[in-house]
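The primary structure of each chain is shown beneath.
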Amino acid sequence: MVNIGLTVNQKLFEISVDENLRLIDLLRDKLGFHGTKEGCGEGECGACTVIMDGETVNSCLVMAFQANGSNITTIEGMEKDGKLHPIQQAYIDAGAVQCGFCIPGMVLSTKALLDKNSHPNRDEIREGISGNLCRCTGYNKMLDATEMAIKYMEEEKE
Amino acid sequence: MKKIGKGIGVSFYGTGYGNGFPDVSRAIIRLLPEGKIGIYCGVTEVGQGAKTSMRQIAAEVLGLGVEDIELVHENTSLMPDSGTAAATRQTYNTGNAIKIACENMRTELFKKTKEALSLNSTAGLVLENGEIILGFFPQKRISFKELAEIYKGEKILEASGEFTAQTTQMDEETGQGAPYWPYTFNACAVEVEVDTNTGIVNLLRATFAQDAGRAVNPQLLEGQMDGGFAMGLGYALFEDLNIENGKMKNNKFSKYLIPTAMDMIDIKNIIVEDPESTAPYGAKGIGEPVMIPIAPAILNAIYDAIGVRIKELPVTPEKLMKAIRESA
Numbered sequence: 001m002v003n004i005g006l007t008v009n010q011k012l013f014e015i016s017v018d019e020n021l022r023l024i025d026l027l028r029d030k031l032g033f034h035g036t037k038e039g040c041g042e043g044e045c046g047a048c049t050v051i052m053d054g055e056t057v058n059s060c061l062v063m064a065f066q067a068n069g070s071n072i073t074t075i076e077g078m079e080k081d082g083k084l085h086p087i088q089q090a091y092i093d094a095g096a097v098q099c100g101f102c103i104p105g106m107v108l109s110t111k112a113l114l115d116k117n118s119h120p121n122r123d124e125i126r127e128g129i130s131g132n133l134c135r136c137t138g139y140n141k142m143l144d145a146t147e148m149a150i151k152y153m154e155e156e157k158e
Numbered sequence: 001m002k003k004i005g006k007g008i009g010v011s012f013y014g015t016g017y018g019n020g021f022p023d024v025s026r027a028i029i030r031l032l033p034e035g036k037i038g039i040y041c042g043v044t045e046v047g048q049g050a051k052t053s054m055r056q057i058a059a060e061v062l063g064l065g066v067e068d069i070e071l072v073h074e075n076t077s078l079m080p081d082s083g084t085a086a087a088t089r090q091t092y093n094t095g096n097a098i099k100i101a102c103e104n105m106r107t108e109l110f111k112k113t114k115e116a117l118s119l120n121s122t123a124g125l126v127l128e129n130g131e132i133i134l135g136f137f138p139q140k141r142i143s144f145k146e147l148a149e150i151y152k153g154e155k156i157l158e159a160s161g162e163f164t165a166q167t168t169q170m171d172e173e174t175g176q177g178a179p180y181w182p183y184t185f186n187a188c189a190v191e192v193e194v195d196t197n198t199g200i201v202n203l204l205r206a207t208f209a210q211d212a213g214r215a216v217n218p219q220l221l222e223g224q225m226d227g228g229f230a231m232g233l234g235y236a237l238f239e240d241l242n243i244e245n246g247k248m249k250n251n252k253f254s255k256y257l258i259p260t261a262m263d264m265i266d267i268k269n270i271i272v273e274d275p276e277s278t279a280p281y282g283a284k285g286i287g288e289p290v291m292i293p294i295a296p297a298i299l300n301a302i303y304d305a306i307g308v309r310i311k312e313l314p315v316t317p318e319k320l321m322k323a324i325r326e327s328a
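Quick note, the sequences are listed as chains P and Y, same order. Every letter in the first sequence is one number past the one before it in the working numbering, and letter 35, counting from 1, is 35. Every letter in the second sequence is one number past the one before it in the working numbering, and letter 33, counting from 1, is 33.
Not everything, but these chain Y residues come out facing chain P in the computed CB check (under 10 Å):
{"#": "1", "residue": "217"}
{"#": "2", "residue": "223"}
{"#": "3", "residue": "228"}
{"#": "4", "residue": "254"}
{"#": "5", "residue": "267"}
BS3-like mimics (lysine-lysine), calculated; alpha carbons at most 30 Å apart, straight line:
{"#": "6", "chain 1": "Y", "residue 1": "319", "chain 2": "Y", "residue 2": "2"}
{"#": "7", "chain 1": "Y", "residue 1": "51", "chain 2": "P", "residue 2": "80"}
{"#": "8", "chain 1": "Y", "residue 1": "319", "chain 2": "Y", "residue 2": "252"}
{"#": "9", "chain 1": "P", "residue 1": "151", "chain 2": "Y", "residue 2": "268"}
{"#": "10", "chain 1": "Y", "residue 1": "252", "chain 2": "P", "residue 2": "30"}
Calculated from the structure, these hints are not laboratory results. Backbone N, C-alpha and C fix where the C-beta goes; we use that ideal spot for every residue, glycine too.
Given these sequences and hints, build the entire structure.
The structure is reproduced here in structure tokens:
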């Protein structure tokens, strides 16, 4: 066992974990953030994407102890004061959600993209979410949603 | 050398189980407290939008907003069976069952309105924004909410509906007949760029037209068209199970490649509305048909670009290079 401390969705957690525990298991089973989905478990599908210190990671490929001292955002950390994040709202409004399994990871990849580049073009959005596989939507509505989210966030600033 | 070609693919698809097989959907409608309407129906949401479109159909019949309709589904202890979310059948089959159940509910609501308002007939009653109104004398009116106050607990108002699709069995000897109803139609056109040095095929442009009878929810429909296009694209160019001695060799996403956002392009989607007379407000399913014309359109475009006819999918760069060499 190893003692670690990490911030998840702006809340500090101190916990003792097995050395072989994956970050996704820590988030889901120990801390109760079930919004993070496990898809392939091999770092290929992106369903388990979370944001760790500003970068997207596949939480199935990160060991829990490696997250010691880090700052993590999961899908639960997106909404504020009971209100959906503009990216989440835009995904709904654009019809970008079908079965929904890839969506938590997809939304977090979109957030990480927009945090670094507030006005990406469609090709840059395609690249930004290309680590997240979706079998239902064909991605185009997600591009529409991202463009919509950029507008929502500008309106929020005004 | 990079060569450009254009191709089209067209298809028609019989929805539902077909071939005379019993294809039944059922629904129960209840008047809930606060005057909301509950649909109790086995329709399964698999991401296709049943939860939205089924409520839209009920809202249309009962003159309510979608927010006043609750769909209770996916729990066999609470609702009747509505068949599988398969065969592109839910919009047509279960949509019909829900529409019939709601029409029966409307009859029931009118009967109870006649009693509550001491009318001598249900003639002339109309549904509007959660109220039942006598059209030519609108002072006579009662809301769903008021009716729900009267009819609660054991007296709860409910109606049911059932729809069985009409299909006929094919002749076993000749394979002839009309096994499906209804059919849905589509057409896809693509422009591709083929690199004859690498065998890589790039999509440049695509237009996709899908007949939906009536688009219950155009946004969801476009989403399914995009999704079907992406699946057809993967089927044509990337996806290979690579089965050897009965074992799937490409059993992970690093080997079994499906399209990413970077493989897709923006598609010009065209929804064709030609209402089907036996369908709920004319609407037919499109779930599976949206995949079908994509791969043929891509293969035709490759042929147009380089004059090589591909007969085995997926058209990986290796296979395409081999086909080019063999045709030379």
